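Q: In order, the protein sequences belong to chains A and B.
Just so you know, our numbering puts 381 at position 381 of the first sequence, and the rest follows in order with no gaps.
Just so you know, our numbering puts 132 at position 132 of the second sequence, and the rest follows in order with no gaps.
Since the hints were made in silico from the structure, they are not lab data.
Certain hints may be false.
Chain B stretches covered by chain A per the calculated footprint, using a threshold of three residues with CB under 8 Å from any CB of chain A [unchecked claim]:
1. 11 to 24
2. 202 to 210
3. 242 to 256
4. 333 to 339
5. 358 to 370
In this text, all values refer to a predicted model and were calculated from it rather than measured experimentally.
Glycine residues also receive a C-beta, built at the ideal position from the N, C-alpha and C atoms.
Protein chains: 2
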Amino acid sequence: MKFLKLASLDQVYSEYLRRLQPIGETLEVSTTESLGFVCARNVIASQDLPGFNKSLVDGYAVRSKDTTGASANFPVMLRVVFEVKVGEEPSKAINENEAAWVATGAMLPEGADAVVMVEHTQRFNEYVEVMKPVAIGENVLRTDEDVRKGQLVLAEGERIHPGHLQLLLQLGVERLKVFRRARVGVISTGDEIVEPFVKEKSAVQVRDSNSYGLVGWLKSLGFEASRVGLCKDSEDELFRTLRSCFDEYDVLVVSGGSSIGVRDFTEAAINRLGKPGVLFHGILIQPGKPTVLAIVNDKPVVGLPGNPVSFTISAKFVLIPILRKLENEKDFLFKPSGMVKLTRNVSSRQGREQFVRVKLLVRNGQVWAEPLESETARVFNLVEAHGVIRVPSDVEGLCEGELTEFYSLWSGW
Amino acid sequence: MKFLKLASLDQVYSEYLRRLQPIGETLEVSTTESLGFVCARNVIASQDLPGFNKSLVDGYAVRSKDTTGASANFPVMLRVVFEVKVGEEPSKAINENEAAWVATGAMLPEGADAVVMVEHTQRFNEYVEVMKPVAIGENVLRTDEDVRKGQLVLAEGERIHPGHLQLLLQLGVERLKVFRRARVGVISTGDEIVEPFVKEKSAVQVRDSNSYGLVGWLKSLGFEASRVGLCKDSEDELFRTLRSCFDEYDVLVVSGGSSIGVRDFTEAAINRLGKPGVLFHGILIQPGKPTVLAIVNDKPVVGLPGNPVSFTISAKFVLIPILRKLENEKDFLFKPSGMVKLTRNVSSRQGREQFVRVKLLVRNGQVWAEPLESETARVFNLVEAHGVIRVPSDVEGLCEGELTEFYSLWSGW
């Protein structure tokens with residue numbers, strides 16, 4: 001079975017990504033080392049959080065009904081019978097017209113159902129004047145108000161972030177089952193491509209930056225990525241290179257030229273590897289059109305355009321979702337970082353969704369995006385741009401001042 | 001000299017961060033390993049990029065004036081005298097009424113000043129019919145159009161991202177001078193705090209999540225962070241702990257309780273360490289108010305509130321800018337990820353800037369932020385929230401549908 005050769009990005013997501021076989025292998029890691037992994041088994045809270053009725057302020061634990069009608073002019077007088085320190089279980093209960101001093105985080109004693117903030121009290125030896133009534137539960141975090149025992153706190157398919165880590169540790173979850181990270185191998189192809197630090201090169205030879213750039217980027221995102229090496233524009237050489245490292249990786253990426261002849265031999269080399277082979281050849285995006293998507297023996301093989309800007313856009317919007325899908329992430333598609341306003345009109349390219357590189361500026365509390373000169377052949381674009389905006393293929397363009405979704409390329413924006 | 005005890009976030013940035021002494025130590029790294037470091041010496045392009053006049057398309061290199069008046073009905077006929085492959089230097093020039101086949105990325109021969117896309121031509125053996133005129137420079141990237149020799153391509157104080165990496169490798173920059181990363185030591189304090197995986201604990205003891213959460217988070221951002229350990233609510237114990245590890249780190253972070261007595265002994269312990277000691281005690285933000293900012297022998301010591309939500313907000317908006325400043329990053333303040341629209345009204349807390357945790361949703365191409373229940377004592381907040389919006393202290397609130405800046409907490413949004 002073969003799909004259409006030229007596809008929209010939506011088709012890639014719905015038809016290609018859906019076909020990918022996620023990695024089944026899991027490992028068990030210490031929760032403290034689990035950041036960035038995708039959870040492989042639902043985690044259920046084994047206890048309530050906070051696990052006791054907790055004071056949210058420094059003040060006096062009281063029976064709320066004892067404070068009815070209290071005001072600055074007519075304060076209610078309560079007897080302070082003991083003090084509860086943080087980390088201590090109160091040994092006694094409070095009775096009618098009694099109060100206990102509680103620090104922020106301390107446990108409420110039996111009998112108390114609210115806390116009066118110290119700011120609304122006046123202490124006189126063993127008595128306290130309460131100048132404001134409190135309602136039941138006021139200034140208290142109930143025993144199961146944060147998390148309820150039995151509640152799902154981390155679901156299979158969620159990528160673990162520092163917020164999860166905090167919650168899991170509060171719950172005493174020591175180890176987690178996670179999916180192993182995807183292994184990516186990157187090959188740069190092109191007769192003109194040379195190693196970046198070669199001493200002698202002719203004017204027309206081009207230093208390889210795509211493989212190193214992508215490997216560094218993917219590693220900074222936590223993926224396992226390695227550079228396989230360079231390969232000439234030769235079907236045989238590419239086929240042999242792919243075959244030799246095929247078993248080591250979950251995904252093979254070929255950075256390739258986008259000129260007509262070159263595209264064909266990339267497709268041919270991939271198709272020689274196995275079935276079903278190339279499924280999509282060309283995506284209706286600009287830049288990034290000459291992207292090749294294949295599956296060989298259940299493994300994705302991805303050809304990205306050789307131009308560094310197209311390469312990067314295609315890696316962001318096609319390759320990274322593939323890796324997230326492989327790692328079993330439920331929510332594998334990228335999301336906008338937010339919206340921005342355009343500093344000027346952007347015209348569309350009919351028939352292709354456009355990813356326009358933009359520079360952001362903050363002006364009067366609004367975030368503006370300045371579209372960069374659209375020449376995708378300029379590598380400097382990747383230094384100037386904070387991210388991209390999308391111009392759909394079915395509009396004539398976007399207008400100055402228009403609000404549009406922004407997708408950051410690197411963190412920092 | 002001591003600053004005001006309670007400060008706005010702006011004061012913290014302008015008065016405290018300005019006083020910090022950035023790390024002077026540099027190291028030399030391979031460019032391929034430089035991601036995430038801050039550049040310590042300007043990098044100047046040693047060559048033009050692309051370094052030759054480069055065809056942006058597959059087509060015919062021509063003298064543009066030979067194509068004047070060409071149309072589908074009246075094509076111009078040119079003789080194809082040779083072909084230039086990618087990575088090859090053309091050995092000859094083209095003359096009047098001649099053309100050379102060039103692939104995308106190939107060098108233009110002498111004499112040619114434009115390229116006609118193959119789509120606008122018809123080939124007949126050694127002749128080609130050009131059906132559309134081209135202007136000088138059309139479909140060509142000039143030799144220095146991407147980068148000019150002598151141009152600044154990476155400035156001291158910029159943090160290196162994958163886009164820089166691509167450009168530096170294209171230019172053959174093999175090694176870079178960078179500032180070493182900041183080393184952060186994290187201490188959790190509190191009589192109620194216990195190790196997270198302790199087997200036996202009473203209901204009121206709280207597992208330490210702040211130190212592990214922060215260390216994991218900072219490491220995922222590339223900083224060098226370690227957990228120092230737990231410490232009781234005791235001035236002496238905290239003082240001894242701080243002193244024992246003081247020389248190992250560039251920044252010491254104390255996660256502490258926020259109740260009245262506890263705050264005082266943290267300040268006292270820090271002040272015993274050295275001069276000038278605590279400069280700010282309390283920041284006018286909610287959550288995050290009980291943040292302590294000190295400098296001891298030129299080294300920042302930061303007390304963050306013990307509540308995990310307040311701790312995280314304060315780490316994001318106070319601690320991380322400090323670390324970026326220490327690492328010599330020019331642009332050390334956080335930036336909004338973009339703007340969002342509010343799904344409902346948010347009221348402000350008079351006198352304190354509020355960081356309201358929000359969940360994002362994309363609806364009809366617009367990014368909406370749903371403010372989460374504001375209880376900062378709920379750790380689960382950190383799992384639900386994608387980031388925060390800021391409500392300034394001098395407004396009454398923000399309205400449903402209002403456009404406001406969004407700050408992501410973790411990547412993924």
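Q: Against this structure, judge whether each hint is valid.
A: Hint check results:
1. 11 to 24: violated (count 0)
2. 202 to 210: holds (count 9)
3. 242 to 256: n = 0 at 8 Å, threshold three: violated.
4. 333 to 339: holds (count 5)
5. 358 to 370: Holds, because 5 residues of the region 358 to 370 of chain B bring their Cβ atoms closer than 8 Å to Cβ atoms of chain A.
This entry does not satisfy hints 1 and 3, going by the numbered hints stated previously.
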